[in-house]
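A.B. asks: Here the protein sequences come in this chain order: A and B. Residue numbering for the first sequence follows the working numbering, starting at 1 and increasing by one per position. Residue numbering for the second sequence follows the working numbering, starting at 1001 and increasing by one per position.
Treat the hints with caution; some may be incorrect.
Distance condition first, Cα-Cα at most 27 Å in a straight line; then the derived DSSO-like pairs of lysine-lysine [what the hints assert, rightly or not]: (1) Lys-69(A) with Lys-43(A); (2) Lys-43(A) with Lys-61(A); (3) Lys-43(A) with Lys-1075(B); (4) Lys-1198(B) with Lys-43(A); (5) Lys-43(A) with Lys-1191(B); (6) Lys-1075(B) with Lys-1191(B).
Listed below are several chain B residues computed to face chain A (Cβ distance under 10 Å; list not exhaustive) [said to hold, decoys possible]: (7) Leu-1009; (8) Pro-1014; (9) Leu-1076; (10) Val-1103.
Since the hints were made in silico from the structure, they are not lab data. A virtual CB, placed ideally from N, CA and C, is assigned to each residue, including glycine.
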Amino acid sequence: MTQRFEQIYMSHRDAVRAYVRRRAPDAVVDDVVSETFMVCLRKIDRVPEEPLPWLYRVAWKTLANERRKQARLTDSQPLTVAAPGPVGDGVLATAFNALSERDREVLRLVAWEGLSLTDAATVLGCSGVACRVRYHRAKTRLASRLAAAGSSPRPEPKEVTR
Amino acid sequence: MTDQLIARLAAANPVPHDGTLHFAEHVRGHRSWRPVVAVVVAVAALAVAGVAIADSLGAFNGIGAANHPQTSTDKLDSAMETLVSEANVALASIPGGRDGRVVASGSRLIGQLSSGANVYVMPTTTNKLCVVVQQTPGNENYSGIECRDPLTQTQPTTMESKLGLAYGVAQDDVASISFETPSGQVTVPVKSNVWSYKGDVDLSTATVHFDDGSTQGVTSP
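Next comes chain A alone, as it looks inside the complex:
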């Protein structure tokens, strides 16, 4: 039991941590990563052979629980700040942040985690076909928002003056 857990933990802790950091403020990252691997330990006999998409799904659920927990803390100053968005490309960030969370998540999984649509479907808990449809619609909506902002999908190269 512990041997497989340790193997999973050593192989995937960085990826899971990066996944959480792309979606949550630093203040909750350690808690969410810790809880994700606790679930992994508890359910070690059910972790699939390729564990990463499964771990991402657990982390995603843990994050959702964390948000609900924070929402209940009405007598304290909320911990939550905006989750990180795209960096270094203001037009893209504005367009991306205007999408629904549903659209953003499928795009993050493909562009930031580098998952295939099959693995993204595992994380999202939907069928491969549904995930493919969701992905293409999200891309279309992002492209439309960029076009409306007068930006092409690839940023124009900056003019160099000598």
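Using the hints provided, position chain B relative to the given structure of chain A.
C.D. replies: Chain B in isolation, oriented as in the chain A frame:
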């Protein structure tokens, strides 16, 4: 066009794959001091009243069958002590360490599964609740240790299922648990804070039936 779009989004990844987690600006949480103060006040009041506070206070919240001084029947056998040691090795490797380690010396025998295996509860050093199923001949596949937050009114039972066996530890006021199986909904009674069911089940959600006739939906933590 759209591949360029994904490439552009990938280039704007706030936590790139080279391991340089450079985006994250440290954000300190502003947690309320009130819960800390409340705990300190409660502990001080109990101490003044001369009430002995057990090691497991909190971890065994609502579990009457565990609310007694440890006796010889509560103690773990060597196989289970090994299981707890392995769990502690794994817990120690988790960053943050907020789950502490399982305190085997705090074990209490509370009941049995339908398979006959004993069910023990024990606290962790951070007052989590651990449910441990005894390893017995023919029962090896079901044995294990599960640790989580203590029971509360919103989560009045633990829920585990493995290899065709579902079980959990419930609070004193829980009379029975209902959940879905391939052949329809099943309700099992809670005896001595323990319930169990042999068969395939869907424990993503369940219904808790309280002694007073009220019910509450719960989801697998």
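A.B. asks: Decide, hint by hint, whether the structure agrees.
C.D. replies: Hint-by-hint comparison with the structure:
| no. | hint | result |
| --- | --- | --- |
| 1 | Lys-69(A) with Lys-43(A) | 23 Å, holds |
| 2 | Lys-43(A) with Lys-61(A) | 15 Å, holds |
| 3 | Lys-43(A) with Lys-1075(B) | 25 Å, holds |
| 4 | Lys-1198(B) with Lys-43(A) | 18 Å, holds |
| 5 | Lys-43(A) with Lys-1191(B) | 25 Å, holds |
| 6 | Lys-1075(B) with Lys-1191(B) | 21 Å, holds |
| 7 | Leu-1009 | 4 Å, holds |
| 8 | Pro-1014 | 4 Å, holds |
| 9 | Leu-1076 | 17 Å, violated |
| 10 | Val-1103 | 17 Å, violated |
Checked against the numbered hints given earlier, the structure breaks hints 9 and 10 and satisfies all the rest.
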